[in-house]
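So the protein lines, in turn, are chains A and B. Going by this note's numbering, the first residue of the first sequence is number 1, and it counts up by one from there. Going by this note's numbering, the first residue of the second sequence is number 1, and it counts up by one from there.
Keep in mind that a hint or two might mislead.
As the list claims (entries may be wrong) - If you anchor each label on the Cβ, the simulated ranges turn out as follows: (1) A/Ala-36 - B/Ala-79: 16 to 26 Å; (2) B/Ala-145 - A/Trp-112: 32 to 42 Å; (3) A/Asn-41 - B/Val-121: 31 to 41 Å.
Unchecked claim - Every beta carbon over 12 Å from chain A, so not counted as near; a handful from chain B, in silico: (4) Leu-63; (5) Gly-111; (6) Val-129.
No wet-lab data here; the hints were simulated from the structure. Owing to the predicted nature of the structure, the values given are computational and were not obtained by experimental measurement. Backbone N, C-alpha and C define an ideal beta-carbon position, used for all residues, glycine too.
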Amino acid sequence: MRQEVIQERAGGMWPWLLQRVTAVILLLGLAVHLFALHIVNLGSLSYDNVAGRLSSMGFVVVDFALLAAGLFHALNGVRMVLLDYGFTGGRRTVLTIVLWIVGLGAFGYGTWALWPWLTS
Amino acid sequence: MKRGVGGTSGPRHREPRGAKERGDRVTEKNRETANVGAGLWKGTGMWAWLLHRISGLVLVVYLFAHIGIISQGHVQGQAAFDRLFRTLESPVFVLLDVALVGAVLYHGFNGIRVLLMDIGVGIRGHKTVYYAVMGAGVFCLSLFAIAALSFII
């Protein structure tokens with residue numbers, strides 16, 4: 001019984017591995033993102049400024065990598081916190097499904113948000 | 001706590017010494033007792049783990065706020081988006097921005113330590129590695145703070 005509780009709280013192998021993979025993507029992507037936006041372009045952020053960056057394929061790739069990896073890492077992080085507070089069995093499955101719906105929804109909304117810049 | 005030193009967990013996790021000796025099976029209670037005995041759930045490792053969790057939760061909230069704010073370009077159009085960003089350049093928001101960068105740097109640099117421990121680097125000297133990555137984090141934060149200084153004062 002106790003043993004099962006420990007295993008359920010551990011979260012699983014694939015989420016564990018993907019949390020590490022997304023961590024590396026975020027470390028690399030955020031280095032670019034923070035340097036570009038919080039140092040180089042600080043004070044000149046505007047609609048046209050964003051359009052300028054998103055006209056280069058490099059920043060589009062970085063932004064979508066950050067959106068996808070960030071959402072997975074964040075929501076799996078929330079899942080790991082909640083698994084420490086009694087989400088076991090069926091509740092754990094429901095939690096995982098709900099977080100996937102939230103994540104995919106946010107990815108869709110984030111893509112929609114960038115659409116005017118991507119298509120102009 | 002099952003996560004041991006500074007938030008590492010997963011397939012490579014080893015049972016702390018003594019976890020099995022105190023009973024036939026590794027129960028939660030045994031494991032926690034063993035961890036405290038090994039000094040894992042106290043001191044530097046505990047604070048590293050706790051701050052990692054708190055900064056992580058702050059960043060989750062920010063991520064969704066960030067998506068919401070950037071989407072205003074599509075929701076409200078260019079003029080409203082530019083007005084919003086002039087507001088975000090006021091001293092209070094720039095100060096919050098530097099604090100946010102601090103949270104990112106803490107979570108990222110402590111995350112590097114966790115990743116290193118996962119591949120077996122710096123487990124024994126995890127405190128030294130912690131202070132090293134924190135030094136690198138403070139150095140980076142000072143660069144961001146200097147860049148932001150003209151907007152704050």
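Results of checking the hints against the structure:
Hint check: A/Ala-36 to B/Ala-79, Cβ distance near 24 Å, so the stated range 16 to 26 Å holds. Evaluation of the 32 to 42 Å hint for B/Ala-145 and A/Trp-112 yields a pass: the beta carbon distance comes to about 34 Å. Here the CB-CB span from A/Asn-41 to B/Val-121 is close to 35 Å, well matched to the stated 31 to 41 Å. With a minimum CB-CB distance of about 5 Å to chain A, B/Leu-63 fails to clear the 12 Å threshold, and the non-interface call is violated.
For B/Gly-111, the non-interface assignment is contradicted: its Cβ lies about 5 Å from the closest Cβ of chain A, within the 12 Å cut-off. No Cβ of chain A approaches the Cβ of B/Val-129 within 12 Å, the least distance being about 16 Å, so the stated non-interface status holds.
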